[in-house]
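Below, each chain spelled out in residue letters.
Number of protein chains: 2
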Amino acid sequence: MRDIVPPDGELRRQIANRILDVYAAYGYEVIETPALEDLEVLVGSQGGENEKLIFKVLKRGAKLDEELERGGELADMGLRFDLTVPLARFVANHLNDLPMPFKVAHLAPVWRAERPQRGRFREFTQCDIDIVGEASIAAEIELCTATIEALQRIGIDGCTVRLNDRRLLLAAVEHHLGQLDQPDAVFIALDKLDKTSSDNVAAELARGGHDVAGVERLLESFANAELIGPPEIQAALEGTRRALEGQGISVRFDPTLVRGMGYYTGQIFEVSHPDLPYSLAGGGRYDGMMARFGAPALPMCGFSIGFERVCELVDKSAFRAAREKIAVTCSDDEELLRCLALARAKRDRGTVVNVVRRARNVRKQRDDLERLGYSEVIDAETFSL
Amino acid sequence: MRDIVPPDGELRRQIANRILDVYAAYGYEVIETPALEDLEVLVGSQGGENEKLIFKVLKRGAKLDEELERGGELADMGLRFDLTVPLARFVANHLNDLPMPFKVAHLAPVWRAERPQRGRFREFTQCDIDIVGEASIAAEIELCTATIEALQRIGIDGCTVRLNDRRLLLAAVEHHLGQLDQPDAVFIALDKLDKTSSDNVAAELARGGHDVAGVERLLESFANAELIGPPEIQAALEGTRRALEGQGISVRFDPTLVRGMGYYTGQIFEVSHPDLPYSLAGGGRYDGMMARFGAPALPMCGFSIGFERVCELVDKSAFRAAREKIAVTCSDDEELLRCLALARAKRDRGTVVNVVRRARNVRKQRDDLERLGYSEVIDAETFSL
Numbered sequence: 087m088r089d090i091v092p093p094d095g096e097l098r099r100q101i102a103n104r105i106l107d108v109y110a111a112y113g114y115e116v117i118e119t120p121a122l123e124d125l126e127v128l129v130g131s132q133g134g135e136n137e138k139l140i141f142k143v144l145k146r147g148a149k150l151d152e153e154l155e156r157g158g159e160l161a162d163m164g165l166r167f168d169l170t171v172p173l174a175r176f177v178a179n180h181l182n183d184l185p186m187p188f189k190v191a192h193l194a195p196v197w198r199a200e201r202p203q204r205g206r207f208r209e210f211t212q213c214d215i216d217i218v219g220e221a222s223i224a225a226e227i228e229l230c231t232a233t234i235e236a237l238q239r240i241g242i243d244g245c246t247v248r249l250n251d252r253r254l255l256l257a258a259v260e261h262h263l264g265q266l267d268q269p270d271a272v273f274i275a276l277d278k279l280d281k282t283s284s285d286n287v288a289a290e291l292a293r294g295g296h297d298v299a300g301v302e303r304l305l306e307s308f309a310n311a312e313l314i315g316p317p318e319i320q321a322a323l324e325g326t327r328r329a330l331e332g333q334g335i336s337v338r339f340d341p342t343l344v345r346g347m348g349y350y351t352g353q354i355f356e357v358s359h360p361d362l363p364y365s366l367a368g369g370g371r372y373d374g375m376m377a378r379f380g381a382p383a384l385p386m387c388g389f390s391i392g393f394e395r396v397c398e399l400v401d402k403s404a405f406r407a408a409r410e411k412i413a414v415t416c417s418d419d420e421e422l423l424r425c426l427a428l429a430r431a432k433r434d435r436g437t438v439v440n441v442v443r444r445a446r447n448v449r450k451q452r453d454d455l456e457r458l459g460y461s462e463v464i465d466a467e468t469f470s471l
Numbered sequence: 087m088r089d090i091v092p093p094d095g096e097l098r099r100q101i102a103n104r105i106l107d108v109y110a111a112y113g114y115e116v117i118e119t120p121a122l123e124d125l126e127v128l129v130g131s132q133g134g135e136n137e138k139l140i141f142k143v144l145k146r147g148a149k150l151d152e153e154l155e156r157g158g159e160l161a162d163m164g165l166r167f168d169l170t171v172p173l174a175r176f177v178a179n180h181l182n183d184l185p186m187p188f189k190v191a192h193l194a195p196v197w198r199a200e201r202p203q204r205g206r207f208r209e210f211t212q213c214d215i216d217i218v219g220e221a222s223i224a225a226e227i228e229l230c231t232a233t234i235e236a237l238q239r240i241g242i243d244g245c246t247v248r249l250n251d252r253r254l255l256l257a258a259v260e261h262h263l264g265q266l267d268q269p270d271a272v273f274i275a276l277d278k279l280d281k282t283s284s285d286n287v288a289a290e291l292a293r294g295g296h297d298v299a300g301v302e303r304l305l306e307s308f309a310n311a312e313l314i315g316p317p318e319i320q321a322a323l324e325g326t327r328r329a330l331e332g333q334g335i336s337v338r339f340d341p342t343l344v345r346g347m348g349y350y351t352g353q354i355f356e357v358s359h360p361d362l363p364y365s366l367a368g369g370g371r372y373d374g375m376m377a378r379f380g381a382p383a384l385p386m387c388g389f390s391i392g393f394e395r396v397c398e399l400v401d402k403s404a405f406r407a408a409r410e411k412i413a414v415t416c417s418d419d420e421e422l423l424r425c426l427a428l429a430r431a432k433r434d435r436g437t438v439v440n441v442v443r444r445a446r447n448v449r450k451q452r453d454d455l456e457r458l459g460y461s462e463v464i465d466a467e468t469f470s471l
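Protein chains in written order, with my numbering: chain L, 87 to 471; chain X, 87 to 471.
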């Protein structure tokens, strides 16, 4: 986990607002859900590897003492590892109060207890849009369109949407490896194709007991971008591709695209950028999830932007230029009080007037303020209406 | 804990932005800190009763097994119960990268494991500004001015700042009850004066072993707003009062104002509103806190807005009117795809065009959309450029 130090906090606020402004213009309604969910919501949600990474919250008071005594469950809640599982729980809870179809935006931190490593954080922010109650590819098409437009609005151009369908992936796997009891294990191995060599993945699948020749044919079919599976599913994927291209979006069918989560049931997608070895956003259709919460199994489809990843990529100077910043440094209490009152009168919409005591190290103070985007650092004596 | 259901999510975003825009205009820099802090940061932070309400996070993997075996500490981290303790830890960690004095804004959720009750949430949002490194009342004055301006900018007028000083409070208490080993216990009892009768507080203090006649005189001195204590501290409080009044802010000296947290060391303040039985914001000076983190004991002073409380109070219609919203309902896939493309061309800055499938219950869909602020719900057939 990490702190966000100035000027990044204000930058993040501006980036978040620009993205949410685009989503609002499409009619996505902002929701918030609690950071903590009951563990029974999070565990068994087909969250794949992420379920192993849940930060669990200790029961409190007498309840905890009781569990300790009898060796029971010590935790009753956990920090969410994504925004998708909480959304399904949310929709089930508020079904009657929501318009249907429901288009929803959700920007919030999620937590995963990963081993600390470069570029991976244990708290990070996702920015999701989802459509609940739309079974056709109109959902996929609008989610991709809105996400690409949001990225463009923060200055990230040149992205490509990589498309696949979980059902085609399963068809290809079963065509080459035979009927599978646990396709998820194969998916998890295939998900590593973008991080490791094809040989390593083949070796992992062979260790899993799969036919070596079949694995070879499977990986070769991927390399050739062959499409296997029900024609209507292929046609729908082609429909999404064509509609996005029709709007000038770069799209590529990627038969090796897996997505880590087990809950996806249909089309899946990621956004790639030529400057990055990982994707900026990912999502897909997960029609089955609502049923877990005793609600009708509404169709659901979503797209999630990795907020830290886009913040890394944006041109920060474009955001900083937005407002003029003036600092007024004062040498004593009297000056401070005089300038506080003056500044209030001078501060109009958007212009920053920062009245502050002059530091002993004037040079460092000036440098620090310039780094924070102050174009002028003036002495109190020269500050007037 | 609770979900934020539309249209409240967008309303909260707009309110947060207006407040942060005011703070930005004063030169407060936005920071973020992780929701989870090491327990040793949170425990022993003089957070008063709140320290008992920390949600603690279970250790993970082998570490947990080890602790279970030897009956050790099961938790290593906790969810923050305020933003002040994390700020002190933040400043200690980043001292060299921050301008000094450092003016900082921090809007984020905090968690307290309170018993569920009406109007109290276990996750709620605070919006803090703090000044680090300013020992004079210039800090108090600016924090109060900026907070009142932020409240005005979201349409909350008629507020009063209630002022006190922890040192005067202590002087009054010791004047009437004698030297105290644990003044915090007395403060906690006095803090209830705004929630319960003076008689109940007197009874609690008497049960605590304090002289009944002394308690009576103490409460009487409060009722008469008598000032007791070092003249220079009285003069400073008067200086804050005068400066705020000079800016047209309503101020009242309140000798019974305590603030729950034990970490306050100087002037303390709350914002009251005539329509509310509780305060909208609270803060004060806490000069000692940095020393806990092995950093120099910099002067610190802060003011925190209770975000949910101001959201309850604002006139929601003033925020909703901000953008026009049009919904286009479609009967089939073909129409949906046609309108998605059309809408994109029509969507300009600020206007919402929400393309969505027509629900079976057309009446309910229209009602739901109108409740979300849509001024027009039109059929796809009549939608054109």
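What the hints contain is simulated information worked out from the structure, not anything from laboratory work.
Where hints are given, some of them may not hold.
[As the list claims (entries may be wrong)] Dumping the calculated DSSO-like pairs for lysine-lysine here, alpha-carbon to alpha-carbon at most 30 Å: (1) 432/L x 450/L; (2) 145/L x 450/X; (3) 402/X x 450/X; (4) 138/L x 432/X; (5) 450/L x 411/L; (6) 402/L x 432/L; (7) 138/X x 149/X; (8) 138/L x 149/X; (9) 149/L x 145/X; (10) 432/L x 278/L; (11) 278/X x 149/L; (12) 450/X x 432/X; (13) 402/L x 281/L; (14) 149/L x 138/L; (15) 145/L x 278/L; (16) 145/L x 138/X; (17) 278/L x 145/X; (18) 138/X x 149/L; (19) 281/X x 138/L; (20) 402/X x 149/L; (21) 402/X x 278/L; (22) 402/X x 432/X; (23) 450/L x 402/L; (24) 432/X x 145/L; (25) 145/X x 278/X; (26) 281/X x 432/X; (27) 411/L x 432/L; (28) 145/X x 281/X; (29) 145/L x 145/X.
[To be verified] Now the stretches of chain L that chain X is said to cover, found in silico as 3 or more residues with beta-carbon under 8 Å: (30) 139 to 153; (31) 183 to 193; (32) 264 to 271; (33) 281 to 291; (34) 325 to 333; (35) 420 to 426; (36) 443 to 457.
[To be verified] Where chain X lies over chain L, by a calculated footprint (3+ residues, C-beta under 8 Å): (37) 96 to 106; (38) 244 to 257.
All values reported here derive from a predicted model rather than from experimental measurement.
Where a beta carbon is used, it is the ideal one built from N, C-alpha and C, also for glycine.
Now the hints, each set against the structure:
1. 432/L x 450/L: holds, 26 Å
2. 145/L x 450/X: Status violated; Cα separation ~42 Å.
3. 402/X x 450/X: holds, 23 Å
4. 138/L x 432/X: violated, 45 Å
5. 450/L x 411/L: Distance of about 18 Å is within 30 Å: holds.
6. 402/L x 432/L: Given pair residue 402/L, residue 432/L holds - Cα atoms ~27 Å apart, limit 30 Å.
7. 138/X x 149/X: Holds, because 24 Å separates the two Cα atoms, which is no more than 30 Å.
8. 138/L x 149/X: Holds, at about 15 Å.
9. 149/L x 145/X: Measuring from Cα to Cα gives roughly 18 Å; hence the hint holds.
10. 432/L x 278/L: Not OK: residue 432/L and residue 278/L at ~57 Å, beyond 30 Å, violated.
11. 278/X x 149/L: Given pair residue 278/X, residue 149/L holds - Cα atoms ~29 Å apart, limit 30 Å.
12. 450/X x 432/X: holds, 26 Å
13. 402/L x 281/L: holds, 29 Å
14. 149/L x 138/L: Judged against 30 Å, a Cα distance of about 24 Å means the pair holds.
15. 145/L x 278/L: violated, 37 Å
16. 145/L x 138/X: holds, 13 Å
17. 278/L x 145/X: holds, 29 Å
18. 138/X x 149/L: Roughly 15 Å separates the two Cα atoms, so the pair holds.
19. 281/X x 138/L: violated, 45 Å
20. 402/X x 149/L: It is violated: about 41 Å lies between the C-alpha atoms, which goes past 30 Å.
21. 402/X x 278/L: violated, 49 Å
22. 402/X x 432/X: The hint holds at about 27 Å.
23. 450/L x 402/L: Holds. Residue 450/L to residue 402/L sits at ~23 Å (cutoff 30 Å).
24. 432/X x 145/L: Violated, at about 52 Å.
25. 145/X x 278/X: violated, 37 Å
26. 281/X x 432/X: violated, 55 Å
27. 411/L x 432/L: Measuring from Cα to Cα gives roughly 12 Å; hence the hint holds.
28. 145/X x 281/X: Between residue 145/X and residue 281/X the Cα gap is close to 39 Å, so the pair fails against 30 Å, i.e. violated.
29. 145/L x 145/X: holds, 13 Å
30. 139 to 153: Since 5 is at least three, the answer is holds.
31. 183 to 193: holds (count 8)
32. 264 to 271: Per the Cβ count (0), the hint is violated.
33. 281 to 291: violated (count 0)
34. 325 to 333: holds (count 3)
35. 420 to 426: Check passed, 3 qualifying residues.
36. 443 to 457: Satisfied; 5 residues make the cut.
37. 96 to 106: holds (count 5)
38. 244 to 257: violated (count 0)
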